[in-house]
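Trainee: Sequence:
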Amino acid sequence: MDNLFSKQALEYHSQGRPGKLEVIPTKPYSTQKDLSLAYTPGVAKPCLEIKANPDDVYKYTMKGNLVAVISNGTAVLGLGDIGPEAGKPVMEGKGLLFKVFADLDVFDIEINEKDIDKFVQTVVAIAPTFGGINLEDIKAPECFEIEDRIKEALDIPVMHDDQHGTAIITAAGLLNALEITGKKIENLKVVVNGAGASAISCTRLYLALGVKRENVTMVDTKGVLRSDRTDLNKYKRFFATDRDVHTLEEALAGADMFLGLSAAGALKKEWLKTMADHPVVFAMANPIPEILYDDAVEAREDIIMATGRSDYPNQVNNVLGFPFIFRGAMDVMSTKINEEMKLAAAHALAALAKEPVPEEVNIAYAHKNLKFGKEYIIPKPLDPRLILWVAPAVAKAAMDSGVARRPITNWDAYKDELSKRMGLSNPLTRQIRTRAAHDIQKVVFAQAENYNMCKAAEIVMNERLAMPILLGNVARIKKIIQDNELELEGVEIIDPRSDQEQARRHQFAQILYEKRQRFGVTVPTAEEQLIHRNYFAPMMVETGQADAMISGLVRNYPDTLNPAIEVIGKKPGARLVSGMYIINSKKGSFFFADCSVNKNPTMEDLIEITLQTVYAVEQFKIKPRVAFVSYSNFGSNPGRVPDMQRDAVAYLHKHYPNLVVDGEMQVNVALDPEIQKEHFPFSKLADGPANVFIFPYLTAGNIAYKLLQVIADAEVIGPVINGMNKSVHVLQIGSTVTEIVNMVCVSAIDAMCVKARMAGEERCR
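Note that our numbering has the sequence shown beginning at 25, numbered continuously upward.
Some clues are possibly wrong.
[As the list claims (entries may be wrong)] Just the calculated beta-carbon pair ranges, DEER-fashion:
no., residue 1, residue 2, range
1, Arg521, Lys51, 57 to 63 Å
2, Ser334, Cys71, 45 to 51 Å
3, Asp335, Lys293, 18 to 24 Å
4, Lys502, Asp335, 15 to 21 Å
5, Asp335, Tyr53, 33 to 39 Å
6, Tyr53, Asp172, 39 to 45 Å
7, Lys293, Glu169, 53 to 59 Å
8, Lys31, Asn682, 48 to 54 Å
9, Ser334, Arg542, 18 to 24 Å
10, Lys51, Pro380, 51 to 57 Å
[Stated by the list, open to error] Keeping only pairs whose Cα atoms sit at most 27 Å apart, straight-line, the calculated DSSO-like set for lysine-lysine is:
no., residue 1, residue 2
11, Lys444, Lys647
12, Lys647, Lys395
13, Lys611, Lys647
14, Lys701, Lys730
15, Lys539, Lys647
16, Lys779, Lys539
17, Lys539, Lys123
18, Lys439, Lys701
19, Lys595, Lys701
20, Lys439, Lys138
21, Lys611, Lys466
22, Lys444, Lys236
23, Lys138, Lys163
24, Lys31, Lys123
25, Lys297, Lys138
26, Lys647, Lys439
27, Lys138, Lys258
28, Lys395, Lys466
29, Lys647, Lys503
30, Lys163, Lys258
31, Lys595, Lys87
32, Lys123, Lys594
33, Lys123, Lys398
34, Lys466, Lys594
35, Lys645, Lys395
36, Lys236, Lys258
I should point out that these hints are in silico values taken from the structure, not numbers from a laboratory.
All residues carry an ideal CB built from backbone N, CA and C; glycine is no exception.
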């Protein structure tokens with residue numbers, strides 16, 4: 025890791041509340057009655073119910089949604105035996121992934137014990153707390169016996185992910201690679217480089233799929249596992265061969281598949297050339313695979329290749345498996361995770377890769393249209409459908425194999441429940457950052473004499489989310505960079521007041537004079553205005569010297585927006601500009617407008633605000649479902665505001681019949697389609713909740729988003745400025761570094777859409 029990334033990793037884990045997880049109450053606790061129900065005397069009643077019926081522990085406690093991530097720190101990532109305390113950040117990270125991708129709660133438990141008997145005894149002793157156990161980072165060969173003994177002793181799902189995660193995902197890739205090449209699995213000649221926990225588990229699963237044991241050649245650091253070797257443990261000996269091969273190079277001649285779970289550079293280009301036609305190469309060493317992707321493709325055009333890297337096709341990432349495997353297993357109260365369930369997960373992943381890919385996945389990975397084929401044999405980790413495919417497949421396999429204690433009877437209802445969990449992962453934020461990274465835009469930071477701005481610039485520059493341009497006093501900005509050891513080498517810093525910028529100021533002043541000469545602006549006043557960053561920055565965007573700008577961190581809103589309107593102007597045909605906030609909550613992403621620009625909009629203003637917001641939401645590849653929110657429900661409490669909203673909705677229904685919009689309605693009604701079905705079945709929102717909220721005036725919208733930001737701890741991105749001819753966005757005063765980075769990414773996407781619009785393209789990618 026480079027120095028900057030190392031520094032960021034330490035800051036990520038240490039800032040604010042240390043670590044990555046916390047425990048929060050799920051029941052009320054504000055009153056004495058609440059506390060008496062939560063603890064004594066109320067807690068006695070569920071205790072007695074569980075004593076009478078032990079399975080009721082799933083009904084009255086969090087056991088059914090609680091996974092233990094357990095390790096002794098003997099094989100942590102590529103770091104080796106670093107001990108339980110040093111391994112804790114990894115276990116917390118695993119817990120975060122469980123929560124984000126499958127809404128499973130996690131306690132990470134690090135056990136200071138290497139003795140197999142004592143480790144097993146400890147895990148078995150604490151198992152009543154949990155609905156499932158994920159063993160992690162335990163070295164081979166001890167991990168095999170540990171997992172087997174714990175599984176034998178317990179009646180809950182237990183899986184050592186280091187063994188089985190890679191096995192399940194590569195098995196999915198293998199199934200699809202065979203379909204593409206037309207090869208038969210029973211004839212497949214497989215070479216496995218590496219003989220640790222993951223390699224052995226992968227090979228075992230391949231045998232379960234139909235690979236013949238006699239067609240497998242496994243290689244460790246001493247060479248081929250041969251039957252005449254005397255240094256093999258029982259797990260390696262199972263794969264020993266009598267073939268007259270001793271080295272990896274010899275084993276690869278004529279082989280159909282290479283599975284690497286070993287070290288960087290282990291597979292040479294010249295050896296790859298000796299493999300059979302259409303070789304399947306899974307090079308899993310991280311961060312540098314056994315052979316680089318470009319080298320492999322250069323050596324064999326007919327190759328099908330997967331790695332553990334996200335920057336190459338076919339990334340084998342364990343997050344494709346373990347969250348959803350445990351989700352499905354625990355949802356049916358399975359007594360174990362058996363071979364049938366692992367194979368079901370592999371087949372589900374393989375099948376999903378052959379389905380049409382959602383646009384949001386194409387966008388996230390900067391593809392026009394991902395399709396099943398050599399470069400897409402396994403789904404992408406950010407595919408929101410994973411939980412809907414893998415978890416039900418695992419649950420069904422548990423039921424079919426007789427290990428499910430709570431069978432699912434309504435699969436549609438189960439999938440609906442899984443869909444509701446997807447709001448926890450904030451996919452919109454990931455989409456925004458991923459899209460920004462694939463088409464880097466120049467973004468002007470108009471108020472860069474501030475640590476948060478410079479820190480955000482460091483992040484977006486080094487993560488290649490945007491190319492920052494810093495405006496302000498050069499000496500002050502450089503001092504902030506130096507004092508805080510920020511890595512911003514090569515960043516462009518411009519002081520609009522400096523003598524060096526005199527020629528550019530004069531050029532900009534002429535342009536501004538031509539735009540504003542009939543509004544009292546002379547050349548001298550234009551030159552005076554151009555020393556101010558909030559005029560200089562939008563002029564850089566207007567003249568194409570930058571693609572977007574952000575400002576407002578330490579200035580009032582009008583001081584930032586008004587100069588930009590004067591310099592850049594509104595979109596052709598736009599009467600106004602409006603502000604939108606993106607609210608990312610546990611229930612998904614919502615869009616609020618107008619919360620920042622138009623104080624008391626007219627009916628015509630509301631219509632234009634709505635259309636601008638709809639356009640902006642569509643740029644994020646989300647279908648807008650618009651509610652005009654008020655204190656009234658469809659005329660239940662008439663007044664000037666609801667009457668005006670009702671007229672605006674009527675206009676939109678007539679002139680934009682395909683737009684899903686309705687109102688006026690109260691917020692709870694807009695979010696609850698069941699209420700609408702029962703009381704207002706005519707509503708266009710009766711088939712699902714709204715995700716866009718049009719407020720009647722600025723006060724209401726501003727209060728609403730700030731309440732959610734503070735009280736509900738929602739992630740807020742904005743204000744996103746709609747209706748401008750080019751990308752200009754205003755920060756909230758006091759924005760955090762993360763909020764600034766998010767706004768930079770939004771401004772970059774907006775800049776891409778501006779370019780697409782000006783090029784006559786219908787859609788912004």
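Trainee: Each hint: holds or not?
Mentor: Evaluation of the provided hints:
1. Arg521 <-> Lys51: 57 to 63 Å: Holds - the Cβ-Cβ distance for arginine 521 and lysine 51, about 58 Å, lies within 57 to 63 Å.
2. Ser334 <-> Cys71: 45 to 51 Å: Because 47 Å falls inside the window, the suggested range holds.
3. Asp335 <-> Lys293: 18 to 24 Å: 20 Å, holds
4. Lys502 <-> Asp335: 15 to 21 Å: 33 Å, violated
5. Asp335 <-> Tyr53: 33 to 39 Å: Because 46 Å falls outside the window, the suggested range is violated.
6. Tyr53 <-> Asp172: 39 to 45 Å: 42 Å, holds
7. Lys293 <-> Glu169: 53 to 59 Å: 39 Å, violated
8. Lys31 <-> Asn682: 48 to 54 Å: Holds - the Cβ-Cβ distance for lysine 31 and asparagine 682, about 50 Å, lies within 48 to 54 Å.
9. Ser334 <-> Arg542: 18 to 24 Å: About 53 Å separates the Cβ atoms of serine 334 and arginine 542, which means 18 to 24 Å is violated.
10. Lys51 <-> Pro380: 51 to 57 Å: 42 Å, violated
11. Lys444 <-> Lys647: 17 Å, holds
12. Lys647 <-> Lys395: OK: lysine 647 and lysine 395 at ~23 Å, within 27 Å.
13. Lys611 <-> Lys647: Cα-Cα ~16 Å, so holds.
14. Lys701 <-> Lys730: 30 Å, violated
15. Lys539 <-> Lys647: This hinted pair is violated, its Cα atoms lying about 37 Å apart.
16. Lys779 <-> Lys539: Judged against 27 Å, a Cα distance of about 22 Å means the pair holds.
17. Lys539 <-> Lys123: 53 Å, violated
18. Lys439 <-> Lys701: 22 Å, holds
19. Lys595 <-> Lys701: 39 Å, violated
20. Lys439 <-> Lys138: 41 Å, violated
21. Lys611 <-> Lys466: 33 Å, violated
22. Lys444 <-> Lys236: With a Cα-Cα distance of about 42 Å, the restraint between lysine 444 and lysine 236 is violated, given a limit of 27 Å.
23. Lys138 <-> Lys163: Holds - the C-alpha atoms of lysine 163 and lysine 138 are around 10 Å apart, at most 27 Å.
24. Lys31 <-> Lys123: 25 Å, holds
25. Lys297 <-> Lys138: With Cα atoms ~43 Å apart, lysine 297 and lysine 138 exceed 27 Å; violated.
26. Lys647 <-> Lys439: The hint holds at about 21 Å.
27. Lys138 <-> Lys258: 20 Å, holds
28. Lys395 <-> Lys466: Not OK: lysine 395 and lysine 466 at ~32 Å, beyond 27 Å, violated.
29. Lys647 <-> Lys503: Not satisfied, since the Cα-Cα distance of roughly 46 Å exceeds 27 Å.
30. Lys163 <-> Lys258: Within the cut-off at roughly 15 Å; holds.
31. Lys595 <-> Lys87: Outside the cut-off at roughly 55 Å; violated.
32. Lys123 <-> Lys594: 43 Å, violated
33. Lys123 <-> Lys398: Cα-Cα ~32 Å, so violated.
34. Lys466 <-> Lys594: Holds, because 21 Å separates the two Cα atoms, which is no more than 27 Å.
35. Lys645 <-> Lys395: Within the cut-off at roughly 19 Å; holds.
36. Lys236 <-> Lys258: 19 Å, holds
Of the hints listed earlier, those the structure fails to meet are numbers 4, 5, 7, 9, 10, 14, 15, 17, 19, 20, 21, 22, 25, 28, 29, 31, 32 and 33, in rising order.
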